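J.: All chains, full assembly: derive it from the sequences and hints.
Protein chains in written order, with our numbering: chain A, 251 to 371; chain B, 251 to 371; chain C, 251 to 371; chain D, 251 to 371.
Hints should not be assumed to be uniformly reliable.
To be verified - Covered by chain C, according to a simulated footprint, are these stretches of chain B (three or more residues, beta-carbon under 8 Å):
no., stretch
1, 256-268
2, 317-325
As the list claims (entries may be wrong) - Below 30 Å or equal to it, Euclidean Cα-Cα: the simulated DSS-like pairs (lysine-lysine) are:
no., chain 1, residue 1, chain 2, residue 2
3, D, Lys320, C, Lys353
4, B, Lys320, D, Lys353
5, A, Lys353, C, Lys320
6, A, Lys320, B, Lys353
7, A, Lys320, C, Lys320
8, A, Lys353, B, Lys353
9, B, Lys320, A, Lys353
10, D, Lys320, B, Lys353
Claimed, not checked - Pairwise CB distance ranges (calculated):
no., chain 1, residue 1, chain 2, residue 2, range
11, B, Gln256, C, Arg369, 49 to 55 Å
12, A, Glu317, C, Gln256, 42 to 48 Å
13, C, Glu280, B, Ala313, 21 to 27 Å
No wet-lab data here; the hints were simulated from the structure. Bear in mind that the values here come from a model prediction, so they are computed numbers and not experimental data. Don't be surprised by glycine CBs; every beta carbon is placed ideally from N, CA and C.
4 protein chains.
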Amino acid sequence: MVHYVQMDDHTTLADLRRRIAEFIAARDWEQFHTPKNLSASIAIETAEILEHFQWLTDEQAAAALQEGGKLEAVAEEMADVFIYLLSLANVLGVDVSEAVMGKLERNEGRFPAEEWRGRAP
Amino acid sequence: MVHYVQMDDHTTLADLRRRIAEFIAARDWEQFHTPKNLSASIAIETAEILEHFQWLTDEQAAAALQEGGKLEAVAEEMADVFIYLLSLANVLGVDVSEAVMGKLERNEGRFPAEEWRGRAP
Amino acid sequence: MVHYVQMDDHTTLADLRRRIAEFIAARDWEQFHTPKNLSASIAIETAEILEHFQWLTDEQAAAALQEGGKLEAVAEEMADVFIYLLSLANVLGVDVSEAVMGKLERNEGRFPAEEWRGRAP
Amino acid sequence: MVHYVQMDDHTTLADLRRRIAEFIAARDWEQFHTPKNLSASIAIETAEILEHFQWLTDEQAAAALQEGGKLEAVAEEMADVFIYLLSLANVLGVDVSEAVMGKLERNEGRFPAEEWRGRAP
Chain A
251 MVHYVQMDDH TTLADLRRRI AEFIAARDWE QFHTPKNLSA SIAIETAEIL EHFQWLTDEQ
311 AAAALQEGGK LEAVAEEMAD VFIYLLSLAN VLGVDVSEAV MGKLERNEGR FPAEEWRGRA
371 P
Chain B
251 MVHYVQMDDH TTLADLRRRI AEFIAARDWE QFHTPKNLSA SIAIETAEIL EHFQWLTDEQ
311 AAAALQEGGK LEAVAEEMAD VFIYLLSLAN VLGVDVSEAV MGKLERNEGR FPAEEWRGRA
371 P
Chain C
251 MVHYVQMDDH TTLADLRRRI AEFIAARDWE QFHTPKNLSA SIAIETAEIL EHFQWLTDEQ
311 AAAALQEGGK LEAVAEEMAD VFIYLLSLAN VLGVDVSEAV MGKLERNEGR FPAEEWRGRA
371 P
Chain D
251 MVHYVQMDDH TTLADLRRRI AEFIAARDWE QFHTPKNLSA SIAIETAEIL EHFQWLTDEQ
311 AAAALQEGGK LEAVAEEMAD VFIYLLSLAN VLGVDVSEAV MGKLERNEGR FPAEEWRGRA
371 P
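T.: Dropping the structure here:
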């Protein structure tokens, strides 16, 4: 299911975080990057992903993603969410990999595979 | 501004994506991971980050984050958003690093540093 | 399609707005009701409506709404969104009915019925 | 605090709901108005309200709302949320006034005025 992805294979979370921090610092935008503003920004950009699928059934969405430009447009909205989420991690000093790995481990306990196989969480 | 982060320094995007894909596959949850459902899930978890700052001023938020447990609680909600966002990248075959780097590059053009220094985008 | 609704037949927007304003004033909560906080609150409560349908197909959602308590739970989340939206109208002095009627009128022009019949907007 | 509002004084929730139902029926759009699609639509439009205040402090937001066109733009996004929310009430047969009044009554119990005066919920 996971398609082959080139840059993701050798890019660390810290690589992206540094690149984003430099972009923000070069514009002196840290002053706008409060936790509350960044949380609101994540919510705003997230809605733009969802908008691509607003009126579509799952089948229609799958078909639309085959059409020219749709996947690229969705990927660009996803990038916006990532950028704000990593900006929030930068501001809060959160280790994203540790948070994700820790959450998956806790979820292993909450949703034992045998018990939850094929059942929505 | 970027605090020292340990795991992020040596964890690639592909590492996290693989770990998430295994968690989902072990539960046979790919059937629920349609682009539309995942987009909705990102929006739902995003709201839970924002909820931590709902009634707080920026100053109050900064103080609350110093209190025991608040930062950890926010980091856990951030992990949820990351997990769904990387799940969507898995389903769509989007190279996250390429999308983020590409978007930052386009933003360099849209927001020249000299012109936008200190001005909100 | 519009089911029979009792209180909505004789309750004005101003009736709800007054009742909400009194609730807020009795707790001295106007200080928290800034436009930004209320906008964030609308987003937070909206996600709780969406959460009820997160992993469901349209068919599963229709079935779930027949089960005991689901419709009432969704209605309660809808009430939360309404309360914050009318609170924002109170703070901004927006005439909701005028805004809704005006928007529908503009949409009549943007989406002529003959042209858009059966096509998603 | 509640400004004088003209149409809201004599417009019932049922008036708005009927007007919206007619607009939808004239375009044969009921097929798109599933509970899940409408919930997603509410989330999408909600983000557009929040976007108006994304980088602003409460003071800056108050100033921006005095500028030409800002309040009207926010009111238009609010109308979009109302239209989808009332569409969802139409589809589900929810009596909005009853849901709002019921929720406020329960909140009177959860947040006794004496105890919660001046404290954020």
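J.: When you check the alpha-carbon spacing of B/Lys320 and A/Lys353, does it fall within 30 Å?
T.: Judged against 30 Å, a Cα distance of about 16 Å means the pair holds.
J.: Verify the proposed pairing of D/Lys320 with C/Lys353, using a straight-line Cα cut of 30 Å.
T.: holds (16 Å)
J.: Do three or more residues of the stretch 256-268 of chain B come closer than 8 Å to chain C, measuring C-beta to C-beta?
T.: violated (count 0)
J.: Given the proposed pairing of D/Lys320 with B/Lys353, does the C-alpha separation stay at or below 30 Å?
T.: The hint holds at about 29 Å.
J.: For a C-alpha distance cap of 30 Å, please report whether A/Lys320 and C/Lys320 respect it.
T.: Roughly 35 Å between the alpha carbons, so the hint for A/Lys320 and C/Lys320 is violated.
J.: Assess, step by step, whether the Cα of A/Lys353 is no farther than 30 Å from the Cα of C/Lys320, and give holds or violated.
T.: Cα-Cα ~28 Å, so holds.
J.: Between A/Lys353 and B/Lys353, does the CA-CA distance stay at or below 30 Å?
T.: holds (28 Å)
J.: For the range 42 to 48 Å, tell me whether the beta carbons of A/Glu317 and C/Gln256 fit it or not.
T.: Because 46 Å falls inside the window, the suggested range holds.
J.: Within 30 Å, alpha carbon to alpha carbon, are A/Lys320 and B/Lys353?
T.: holds (16 Å)
J.: Could one say that the CB atoms of B/Gln256 and C/Arg369 fall in the range 49 to 55 Å?
T.: holds (53 Å)
J.: Verify the coverage statement for the stretch 317-325 of chain B against chain C, using a C-beta to C-beta distance below 8 Å and requiring 3 or more qualifying residues.
T.: violated (count 0)
J.: Tell me if the straight-line CA distance from B/Lys320 to D/Lys353 falls inside 30 Å.
T.: holds (28 Å)
Comparing the model with each earlier hint shows violations of hints 1, 2 and 7; every other hint is respected.
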